[in-house]
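Engineer: Listed here are the chains, written in short residue letters.
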Amino acid sequence: MFGLDYSWLADPAYQQWLLTGVVNTLKLAVLSSSAAILIGMLGALGLTLRIFWLDALIELFVEVFRNTPPLLQMLFAYFTLSTLGLRVTDPSTGLSVPLLSAFACAAISLSLFGGALAIEAFRSGIETMPRSIIDAARSLGYGRWARFWRIEAPIATRICLPGLTNILTNLFKTTSQASVITVPELMYYAGQIYNDTFRTLEVMILVLLIYVVLVSILTFAMARLEAFMAFPGYGRVH
Amino acid sequence: MIAGPMLSYEGKKRAVLLLIAFGVVIWIGGDAAAGGSAHWSRVLVRLPLLLTGSASGWPITGGFVLNIILSLASMALATALGTIMGLATLARFGPIRVPSFLLMNFLRNSPWLVLLFATLYFLPFEMHVFGTTIPFPPFVKAVIGLALPTAANFSEVIRGAVQSIHSGQWDAARSLGYGTGQIYRHVIMPQALRRMIPGWMNLYALLMIATALATVTGIQDVLTILNTLLAMENERVIVYFYLTILFLFIAYCYPIAAVARRWERAVKGESL
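For the protein sequence lines, the chains are A and B, in the order given. Per this note's numbering, the first sequence starts with residue 1328, numbered consecutively. Per this note's numbering, the second sequence starts with residue 672, numbered consecutively.
Same shape as in the complex, but just chain A (with noise of 0.2 Å):
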């Protein structure tokens, strides 16, 4: 069909790449994701203490993560941390290596890049609440405790959720990146395929429609909580 040669793909040994590919995309998407949702959550109460020490480093680490190209800091870690010091002696070898492979590299650094993005989405949440509905609460006779969960919590996490689903999905993508620093997931692969087949075109709209799926499953996960959790009256266009 239009001229497109799939056969490469009834080859195991390129079946065995792709799957190792996906295998290990999902690996480091799973891994980076959680840590960044961990990281933003720990950042935004860090945040709401109100102590300004702290609120001004974890600004600092926002902007830093946030102004630079997630591909360069990749590649800092990748180069520079072992020259920084992390590196150990391999007691096979006598050798001096460094301590984090390309994999521990990449999801470190992507780690730390979702980890600023979700600690902007949750802070934003947290901010965005109408000061009314907490004086409301307040008047209520709501503690503080029953306060934040019966009437903060709910309403900040609607708030972050769409925000909370671009970071992800960004993160998602950005895991491709990781195959300039060698890490072997399905971009990685992908390059090997079309590189050892010529079929550029076939791999390329393989892989894209593979990453559209996964990143499509993702994306309608968390469209439905966000439509299962979404506040009445708003959102309707016409």
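Hint data in this document are derived by calculation from the structure and do not stem from the laboratory. The beta carbon of each residue, even a glycine, is placed where N, CA and C say it ideally should be.
On the chain B side, residues computed to face chain A include the following (Cβ under 10 Å):
| id | residue |
| --- | --- |
| 1 | 685 |
| 2 | 776 |
| 3 | 777 |
| 4 | 783 |
| 5 | 786 |
| 6 | 827 |
| 7 | 883 |
| 8 | 887 |
| 9 | 897 |
| 10 | 898 |
| 11 | 914 |
| 12 | 929 |
| 13 | 936 |
Computed from the model, here is a short list of chain B residues facing chain A with C-beta under 8 Å:
| id | residue |
| --- | --- |
| 14 | 684 |
| 15 | 784 |
| 16 | 785 |
| 17 | 788 |
| 18 | 876 |
| 19 | 924 |
Position chain B relative to chain A; hints supplied.
Structural biologist: Frame of chain A, contents of chain B only:
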């Protein structure tokens, strides 16, 4: 107790950040004094090359300035495409809405790097249209490759801004006898535009950061030049080079993102 001017919370925070910046300057100075100056001077010698792509700083053949030009060109294209796509996804007419929604989702859900690779390989070297030859050098391919996902994201910004307008506005305008086009022009867009601007600026900062990916197309952007330079530097100097490039991106993107955020804070919560 020392009687002094009391600092506000924001003032104290700024003081800490200033202290950190001061610490960094001291660290750089100390490092330079402790033998790092040889490293720093290597970076300084290469700085014009990293910024403009030529050793003397002129003419501009690449480097960080090329990243900026690339981002501006992509943003212009993305804004035009995104506006069309955004309004199309809001259309009531199914045959317009559904395909544009699918296209938007496809572009939004595919990684920037993969789209860039795809445009790099899919677009021909040149195209013949009605007898004229339109060339597609790597730069143009990079502009298109970066504009596609940005346009999809911008259409989401438009859609989000339009949908953040309370549905009562629609009902009220319709009861006054306005048509859909008129409602958009006179009621929805004037309100939504305010909420779009921060998203648009944020997207630009994001796009600027993504221009680092253009290194895969082989254009002489800052990362390509960095990689060529690093081949002839020792391990230690590499750290200094990376820190310099990271700083360049922060210095350019932070002010844009900061203004966008201030604006965002001003318009948020209006709808609730």
